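> With the working numbering applied, the sequence shown closes on residue 167, and no number is skipped along the way.
The set of hints was computed from the structure by calculation and includes no laboratory data.
Using C-beta positions, here's what the derived DEER-type ranges look like: (1) Val106 - Lys144: 17 to 25 Å; (2) Thr8 - Val39: 21 to 29 Å; (3) Lys144 - Leu7: 25 to 33 Å; (4) Gly113 - Gly45: 34 to 42 Å; (5) Ala104 - Asp30: 33 to 41 Å; (6) Leu7 - Ala151: 29 to 37 Å.
Being a predicted model, the structure only gives us computed values, none of them experimental.
Ideal Cβ positions, reconstructed from N, Cα and C, are used throughout, including at glycine.
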Amino acid sequence: MVFRLTLDGHTHEVTIVRRRPHLVISIDGREHEIDQVADVGDGRRVLGIAGHSVAFARAGFHDRQIVRLAGRTFEVGMVDPFAGEAGGAGPQDAIKAPMPGAVVDVHREVGDKVVRGEPILTIESMKLQMVLSAPRDGVVAKILRSSGATFEKDEVVAMLEPQDV
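Just need the whole structure built from these sequences, with the hints factored in.
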């Protein structure tokens, strides 16, 4: 089965090639052997990839995962296989918080032009910082939370101007 995941605004195809004797997955056509998967507690895990150990932390929220790896935070989303391609609903205008927390930094102002993946806000939740990025190219319409302000899970914290269809 092919899974489609989004990372930093790019979609990647992930396929399970085989499960034994070790898990082998293909990411965008490049194979990777996973020889270890270990839970080390507190949401932290270790993967053995081609003989190298990779430590990371993750938290799941509906259709996306927040992953902390090598000092950086990433949001990984699962693409709905039943969602339409071109001609379906347009890219999102709302930038939502994936978990409750507080705004640490505001990187853009209303009226700023942004490109997909560009930082809008940095948030913190449960001592985990992550950057909320522009989901598409556009213009910032609203920044709904200032630095230090708190918010709830799935709350809209910023908006882009609607796209002309």
